[in-house]
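There are 2 protein chains.
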Amino acid sequence: MSNAHWIAADWGTTNLRLWAMRGADVVHHRASGQGMGGLSPAEFAPVLAHETAEWRAGDWAKAPVVACGMVGSRQGWTDAPYATAPTQAGTPLTRVAGENVWIAGGVKQLDPADVMRGEETQIAGLLAARPDFDGVVCLPGTHTKWVRVSAAEICSFQSFMTGEIFALLAEQSILRHTVQATEFDAEAFDGAVQDALAQPHRAFGRLFQLRAGALVGDLTPEVARSTLSGLLIGWELAAAKPYWLGQEVALVGSPALSALYARALVAQGVQVSEADAQAATLAGLHRAWKTIGEMA
Amino acid sequence: MSNAHWIAADWGTTNLRLWAMRGADVVHHRASGQGMGGLSPAEFAPVLAHETAEWRAGDWAKAPVVACGMVGSRQGWTDAPYATAPTQAGTPLTRVAGENVWIAGGVKQLDPADVMRGEETQIAGLLAARPDFDGVVCLPGTHTKWVRVSAAEICSFQSFMTGEIFALLAEQSILRHTVQATEFDAEAFDGAVQDALAQPHRAFGRLFQLRAGALVGDLTPEVARSTLSGLLIGWELAAAKPYWLGQEVALVGSPALSALYARALVAQGVQVSEADAQAATLAGLHRAWKTIGEMA
Chain G
64 MSNAHWIAAD
74 WGTTNLRLWA
84 MRGADVVHHR
94 ASGQGMGGLS
104 PAEFAPVLAH
114 ETAEWRAGDW
124 AKAPVVACGM
134 VGSRQGWTDA
144 PYATAPTQAG
154 TPLTRVAGEN
164 VWIAGGVKQL
174 DPADVMRGEE
184 TQIAGLLAAR
194 PDFDGVVCLP
204 GTHTKWVRVS
214 AAEICSFQSF
224 MTGEIFALLA
234 EQSILRHTVQ
244 ATEFDAEAFD
254 GAVQDALAQP
264 HRAFGRLFQL
274 RAGALVGDLT
284 PEVARSTLSG
294 LLIGWELAAA
304 KPYWLGQEVA
314 LVGSPALSAL
324 YARALVAQGV
334 QVSEADAQAA
344 TLAGLHRAWK
354 TIGEMA
Chain C
64 MSNAHWIAAD
74 WGTTNLRLWA
84 MRGADVVHHR
94 ASGQGMGGLS
104 PAEFAPVLAH
114 ETAEWRAGDW
124 AKAPVVACGM
134 VGSRQGWTDA
144 PYATAPTQAG
154 TPLTRVAGEN
164 VWIAGGVKQL
174 DPADVMRGEE
184 TQIAGLLAAR
194 PDFDGVVCLP
204 GTHTKWVRVS
214 AAEICSFQSF
224 MTGEIFALLA
234 EQSILRHTVQ
244 ATEFDAEAFD
254 GAVQDALAQP
264 HRAFGRLFQL
274 RAGALVGDLT
284 PEVARSTLSG
294 LLIGWELAAA
304 KPYWLGQEVA
314 LVGSPALSAL
324 YARALVAQGV
334 QVSEADAQAA
344 TLAGLHRAWK
354 TIGEMA
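Chains as they are written, first to last, in the numbering used here: chain G, 64 to 359; chain C, 64 to 359.
One should not assume that every hint holds.
Unchecked claim - Distance windows between CB atoms, simulated: (1) C/R137 <-> G/Q235: 15 to 23 Å; (2) C/A214 <-> G/Q334: 49 to 57 Å; (3) C/V329 <-> G/E162: 53 to 61 Å; (4) C/A94 <-> G/P104: 39 to 47 Å.
Think of the hints as simulated: they come from the structure by calculation, not from any bench.
Where is the CB? At the ideal position from N, CA and C, for every residue including glycine.
Chain G extracted, bound-state conformation (with noise of 0.2 Å):
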């Protein structure tokens, strides 16, 4: 490719990542809270515009962007249509009308119905460096997803919401008073994830019982807070064992999400291997990048 400048967007609900990229290598890397959940459809080139500013003034003046996630969605910039599994990871690009800006498409599923958008590009990044893989990949995260991954393919998945669940339990519900705590209380965690692997139906009763434990008894928020995530984490793992039995899982998610799976993981004897989300999202959009030559 003539000229190796381009510009990789990890563009969420929430945040807006950019990096400033010469071919594979990261040059400059910002980060911003404009998320495409806060935008209407004329704020996303200006915003892009503003953020990248810096870079536009040097060697990026005219380089591509390459976007994944929310911002290819209906209510984002431009609908970069899904792909339907089983389909190749790396998804095709949409070009954003009348820009230099390319957003890759999701998947979807139909039966059971199911979509991912950011994901794919991960998956993508994960098989540039590993092309063979032939397994299982898991994404731990707001709705983690479980992907089955074969010939370079994305096979079928299912998502959970475990990890928004989570959060409007510990920050919005009765639990919110008992369930503050920044240090990890493994042995609790580990028993939680075994009482709701085996009994996955009782493990509902026992969420009240983390408010009444602080109440009546001398449950402290470290146990309560680690006995929640386990009991979250487990009853995932028991919906998702179709996936996981028998198999080696691939995490990509961050690195404190990914370590409590894997100890879960690990304990049911599975075999396990763990890359950073945010360096697999930047090998898939690499790979995307490629492809803009292919198709302009």
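With chain G held as given, fit chain C onto it using these hints.
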């Protein structure tokens, strides 16, 4: 009792309901949004005086007030201590210092840890109408309670966060875009209850599908909302099975919510009766009022 005038108060976190009573008869009723959750300790007396001022000008000038609910919690007006289960359903009253106001104590359970405040008064009200009741009481609400009652005692109980989780998911999560509906879809509800009861671990994975089904399929808000309701109630029933299996269940709740629980339980072959929560509260407060003379 020489003076048959008294005032009943159901003083919860978000609402204050008041009745001017003559013996067991309601003469006047009023309700306000002055729940204890928004009041500091010094505000309870003036709020009560203001809300009952009209009645105080007449026959209820010196009448005692008998209250139940979160007003008796540590964050309320006066800490009305918990009785420890197993305990009689009509818990002792605690007098507010310097006031002719009496608050029913809640009930705690040590293992597994649990608490109730207000429901003990509703159960006492149920027992006033059915003194020989021996079985299980289910009180659906924000924190649904399942209670074993025998020989006029609260033997053991368990709380579930079903109502609060439904509200958080329906109003604050990503599902809020998908479940805004007022119509009820009986088939979707029944199917979801059945699925969650049969395979509670899989219900967790169906939550995000309610969003995805609307995005990539033709899932309507009515079906999505009724499914969400059915999944959560089915989940709770799976966890509460030791309470209802082979038992007669007395439902005490709002008519709309009790009807959903009745529907789900009857489908499992459970015999249910339904009592109105407000009537039960009043009957329980009446019973408590009659003990004031004994205590004074």
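Structure-based check of each hint:
1. C/R137 <-> G/Q235: 15 to 23 Å: Given a distance of about 21 Å, which is inside 15 to 23 Å, the answer is holds.
2. C/A214 <-> G/Q334: 49 to 57 Å: Given range 49 to 57 Å: holds, Cβ gap about 56 Å.
3. C/V329 <-> G/E162: 53 to 61 Å: holds, 59 Å
4. C/A94 <-> G/P104: 39 to 47 Å: holds, 45 Å
Figure legend: structure checked against the earlier numbered hints; every hint is met.
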